[in-house]
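Assemble chain B onto chain A, guided by the hints.
There are 2 protein chains.
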Amino acid sequence: MELEANNKTDLSALSDALERGMMQRATGLIADLNPAEVARLIECLPPAKRSIVWNLVDKDDDGEVLAALNDEVRTRLMEGMDLAELLVATEDMDLDDLADVVADLPESINQEVVRSLNQRDRERLEAVLSYPEDSAGGIMNPDTISVRPNVTLEVVQRYLRALETFSDNTYALFVVDRNDHYLGKLRLAMIVTSDPQALVRDVMDGSAETFTAEMPAAEVARDFQNLDLVSAPVVDENGRLLGQITIDDIVDVIQERADHDILSMAGLDEEDDIFAPVVTSAGRRAIWLGVNLATAFLAAAVVGMFEETLAQVVTLAVLMPVVASMGGVAGTQTLTLMVRGMALGRVEDSNARWLLTKEVAVGILNGFAWAAVVVLITIIFFSGWDVGLVIGAAVAINLIVAALAGFIVPLILHRMNIDPALAGGVVLTTVTDVVGFMTFLGLGTLFLT
Amino acid sequence: MELEANNKTDLSALSDALERGMMQRATGLIADLNPAEVARLIECLPPAKRSIVWNLVDKDDDGEVLAALNDEVRTRLMEGMDLAELLVATEDMDLDDLADVVADLPESINQEVVRSLNQRDRERLEAVLSYPEDSAGGIMNPDTISVRPNVTLEVVQRYLRALETFSDNTYALFVVDRNDHYLGKLRLAMIVTSDPQALVRDVMDGSAETFTAEMPAAEVARDFQNLDLVSAPVVDENGRLLGQITIDDIVDVIQERADHDILSMAGLDEEDDIFAPVVTSAGRRAIWLGVNLATAFLAAAVVGMFEETLAQVVTLAVLMPVVASMGGVAGTQTLTLMVRGMALGRVEDSNARWLLTKEVAVGILNGFAWAAVVVLITIIFFSGWDVGLVIGAAVAINLIVAALAGFIVPLILHRMNIDPALAGGVVLTTVTDVVGFMTFLGLGTLFLT
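Protein chains in written order, with the numbering used here: chain A, 1132 to 1580; chain B, 1132 to 1580.
Bear in mind the hints are in silico, worked out from the structure with no lab data behind them. Here a beta-carbon is modelled for each residue, glycine too, at the ideal position from N, C-alpha and C. Check each hint, because a few of them may be wrong.
Claimed, not checked - A few chain A residues that face chain B, going by a derived Cβ cut-off under 7 Å, partial list only:
1) Arg1292
2) Leu1319
3) Val1323
4) Thr1324
5) Val1434
Said to hold, decoys possible - Covered, in the sense of this in silico footprint (three residues per stretch, anywhere, with C-beta under 8 Å from a C-beta of chain B), are these stretches of chain A:
6) 1358 to 1372
7) 1375 to 1382
8) 1406 to 1413
9) 1436 to 1443
10) 1461 to 1474
11) 1498 to 1504
Pulled out of the complex, with its shape left as it was, chain A reads as follows:
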């Protein structure tokens, strides 16, 4: 990991220009960047500077910059735009980007934008909006170039030369019959390398991967990765071509899924803006702190059951965080592997038992190994043999329980339709805290009082 020199220079230079009120220089800096880079830059600025920069963006780029922004930042910027500006910005947007943007607009403005489209685009936009955002239909672009099977490549190429616009995202044409039923994929590479007199039907790839609109985006992404696809057709249940998914959409899916997995482990949301106002951020994070407070008091209540023991053997109070902490760390390791394995489709019924056996075996090995170390350290630095043996036993038991919990908790949460990446950590540490305190103080009560 490193703070990147590239972006850094742009951002520092821009911040600097803004600080000094050198607006012409700032405009120049922004004009040198492409829209996605401008979007990244805006996301890296505190809110006050964002609207200044936004106003310096070339109006022709507005649409593309908006499309590339994080949902929350985009929504805020759009709140400051009037209808006329919004209509200009959304005019030339790709329909899949437009679908993202429209979803964030207030209903009334939303309708105006949709009304500004021609009949065909309106229907297509509505098609995209009718599917969940994380499905193949939700990420597809309804703009495709389709050709018939019974023409020659020469005719296809003449047709392509005559097209007014040819999107940068075109890597393949799609072959359809007169009713728009998808028949096959014709990669540009096939057009340039095959005999111009060959028929489309003989050159097209009729067995190329297709996706139905309802398929989850995560599965589509996995297939793109496994098959090294750059574009693929999306069809409805009757096999009619609805649109295409291209690799840039997939890269976004992969990036967002990764952000989600990392951030939700700390109770954060991937669409949250790190420069959001203090009160907004504090409110969001407060929920997570509240959940954790409840579990912390639960653990405290467990400790409270042993108040008499603690009064007699104060060393137990001193050492009890060690037992809980080791369990938490070991359990988090297993949990992280499970959450990631489940997200990538690598953990399932047929290998689950093998994994469980393995994780428990790892727990037993590390449990006994570290128990021995804990016993030694305790005896040397903290207390006598008796306390040492009690804490050793508690550490061993807690590490084994941690492995079990790290394995089972995400599976149960998944079955309950709760995201294990989000809730797994808090449930797991509750288990390891409670079990850790209970065994340590329980054994202490039995053998030391």
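Just chain B now, kept in the frame of chain A:
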């Protein structure tokens, strides 16, 4: 997140066929998959079944399956292959994949494989191997199709038709002069949409993004994302064309970086095999448990300083996990945002102060809000006003310290060239544990004894 139906069916069916010894059925199932899917499937199997499946893979696919496997799994499978098999498997590999594989082979075999290449491929392979794995040079493929600027597109197309092999990963040709100096990029889309009589020099994109071989792969990935690239040339310091990077390489970079960030937070490595033998896994994770044990005993030593206080006011022992836990959670939230922001190049000098102010403000807001809740709960369920106020103050202080630490710790680690994703959590919780125990028990000593 969901356990995916697709992969699931393949894996269950295969496991089932293997259990029952139905080898013909297993072979059929494997033959239906493409090499990358076979690789995923092998990674999802326990080691004993892996070699069985590996032997059922069509020999023609061996190379591609090996290339798609995770480093550790690949190394194990290759240990079971003899030289002849390895030479067959690596025969038709793309040079960038071959570079990955060769890096994992023992030196003697490695040399045999390199010797089996023709002079040109050998030089190119050595070029790839001479760059770090996480640089543009390390992920590039030296195979490109290059053309001269002064020919017509018709000639180019005739040349392409005459080529024996045309890689699926070809999205653009690269225009070079007679000394292999890179001049521009000629996308296939331009070839099919432009006038066949046009000259390459007039149609090529001379301003397309180029990458130097030393550029870090993470930066290349960011540019690919920002510019929606599917392929880009890699050049040396003199501007000579060395190879190309294609989007599939970038998807791997993004995926690996995400895996790294998620797994290293739990002290795990993205190239570790989740089905590795118990002893191997236990050993790896033991290191992390050891680091945490040291910090846990450090926290215990802090608690030990207040043994007398604890003996007098046992409720402090009961409640002290609450203070530490709240600090840990709040600090982890800030830390996670920072680690992710730094990895994506969004946090740097010019916005760092703004972020720090914000995080501390969030810490103060949540600190006081939750302190109030903690005071109430303590008084109602655990103890009196005096203990309630002490724990409230400790929670407020620890949440503010946590925000500071969550911000500063990753920056310091980064400056020390230590990966904040790996070490951040353990350093942070050490800080929040120590500060939490110290303030709570310290205030307790002052006001309650």
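Hints, one by one, checked against the model:
1. Arg1292: Holds. Min distance 5 Å.
2. Leu1319: 4 Å, holds
3. Val1323: 5 Å, holds
4. Thr1324: With Cβ-Cβ at 5 Å, under 7 Å, it holds.
5. Val1434: 5 Å, holds
6. 1358 to 1372: holds (count 3)
7. 1375 to 1382: holds (count 4)
8. 1406 to 1413: Three-residue rule met by the region 1406 to 1413 of chain A, so holds; n is 5.
9. 1436 to 1443: holds (count 3)
10. 1461 to 1474: Coverage by chain B holds for the region 1461 to 1474 of chain A (11 residues, Cβ < 8 Å).
11. 1498 to 1504: holds (count 3)
When each numbered hint is compared with the structure, no violation occurs for any of them.
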